[in-house]
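The chain contents come next:
Number of protein chains: 2
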Amino acid sequence: MDVRLKRRRAGRNRAVEGDSSADLAADQMDRLKLGTLDEHLGYFLRRLQVSVFKDFIRTLAPMDVRPAQYSVLLLIEANPGRSQAAIGQALDIERARLARLLHGLEGRGWIGRRAADGDGRSHSLYLTRGGEKALVRIKALTARHEAWLAEVLGSKRRLLLMDLLKEFG
Amino acid sequence: MDVRLKRRRAGRNRAVEGDSSADLAADQMDRLKLGTLDEHLGYFLRRLQVSVFKDFIRTLAPMDVRPAQYSVLLLIEANPGRSQAAIGQALDIERARLARLLHGLEGRGWIGRRAADGDGRSHSLYLTRGGEKALVRIKALTARHEAWLAEVLGSKRRLLLMDLLKEFG
Chain A
1 MDVRLKRRRA GRNRAVEGDS SADLAADQMD RLKLGTLDEH LGYFLRRLQV
51 SVFKDFIRTL APMDVRPAQY SVLLLIEANP GRSQAAIGQA LDIERARLAR
101 LLHGLEGRGW IGRRAADGDG RSHSLYLTRG GEKALVRIKA LTARHEAWLA
151 EVLGSKRRLL LMDLLKEFG
Chain B
170 MDVRLKRRRA GRNRAVEGDS SADLAADQMD RLKLGTLDEH LGYFLRRLQV
220 SVFKDFIRTL APMDVRPAQY SVLLLIEANP GRSQAAIGQA LDIERARLAR
270 LLHGLEGRGW IGRRAADGDG RSHSLYLTRG GEKALVRIKA LTARHEAWLA
320 EVLGSKRRLL LMDLLKEFG
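Sequence lines, in order, name chains A and B.
Taking the numbering used here, I'd label the letters of the first sequence as residues 1 to 169.
Taking the numbering used here, I'd label the letters of the second sequence as residues 170 to 338.
None of these hints come from the bench; they were simulated from the model.
For every residue, glycine included, the Cβ atom is placed at its ideal position computed from N, Cα and C.
It is possible that some hints are incorrect.
Going by beta-carbon spacing under 10 Å, a handful of chain B positions derived as facing chain A [as the list claims (entries may be wrong)]:
1) Leu-201
2) Gln-258
3) Thr-311
4) Arg-326
5) Leu-330
When you get a sec, could you build the whole thing from the sequences and use the hints?
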């Protein structure tokens with residue numbers, strides 16, 4: 001494991017309320033074995049994903065933006081005028097959850113909806129002026145998150161991982 | 170994207186309640202652009218992790234076991250007698266959530282706790298006979314999940330991905 005990631009983790013663990021630290025210290029003298037877990041890709045995939053999302057949330061805290069909100073903003077930016085259903089399907093976000101998420105972004109004045117041509121039931125989504133401005137600030141923060149990630153993974157391994165993951169994206 | 174994964178996804182999307190399917194069909198004629206999202210490793214990491222966890226949960230449904238429960242069972246199996254705090258720290262599971270999870274496994278008669286030597290506050294965890302038997306059936310199902318994963322990713326790419334992820338695991 002990369003030293004920096006390890007240090008970050010250690011920091012996190014200190015912050016988490018755990019059992020009495022004396023117990024933990026005594027019990028930690030032996031490292032735990034992973035056993036069969038060591039053969040499961042899903043376990044390692046989840047661990048890195050959680051680390052990456054934690055850094056994202058921490059880095060984006062000044063704008064109070066979560067990963068799913070950010071994805072939706074970027075998809076609306078890249079595809080103005082598309083429907084809620086299309087955005088939800090592209091990101092695999094369940095309908096009710098997407099509705100809540102969009103409601104939140106609308107409440108902050110970042111997105112708007114227009115009735116789609118000739119159909120009152122369907123709404124096309126777009127970024128407001130305020131949303132565009134917010135996204136500039138948000139992207140400045142995500143650049144910091146990506147810089148952290150490149151440092152932690154090493155830029156070569158980051159690219160390799162990206163290529164492998166994109167094949168299934 | 171691998172055809173099989175795509176087919177599974179299509180199946181899932183059909184099952185999800187969405188906006189009216191006519192809207193969706195019309196709007197889907199143009200594929201959405203990913204925009205800046207295409208540069209974020211976290212996005213692709215999350216997509217594959219969600220796919221893998223969905224298949225895990227579906228495959229393990231006969232035993233009603235979720236990924237976090239499975240990890241805890243495997244860690245107790247590999248490290249009998251270790252404390253709740255040590256298991257929680259190794260898996261990075263927050264204390265209250267782990268307590269609920271262990272309570273559930275205890276209720277199913279799969280795990281037991283003993284007071285650790287000379288300390289009434291600390292408990293060491295172990296698998297019961299019933300837990301060991303359940304784990305045999307559970308592992309038969311996870312083998313199916315892993316076979317699906319090797320087929321979807323290709324075993325060479327699965328190994329490459331595993332190596333990359335383990336460096337940060």
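Here is how each hint holds up against the structure:
Satisfaction of the interface hint for Leu-201 of chain B is found here, the shortest Cβ-Cβ separation to chain A being roughly 4 Å, below the 10 Å cut-off. For Gln-258 of chain B, the suggested interface contact is upheld, since its CB lies about 6 Å from the closest CB of chain A, less than 10 Å. At a threshold of 10 Å, the smallest CB-CB gap from Thr-311 of chain B to chain A is about 7 Å, leaving the interface hint in force. With 10 Å as the threshold, the beta carbon of Arg-326 of chain B comes within range of chain A, its nearest partner Cβ sitting at about 6 Å, so the hint holds.
Restraint check, Leu-330 of chain B versus chain A: the minimum CB separation of about 5 Å is within 10 Å; hint holds.
Of the numbered hints given earlier, the model fails none.
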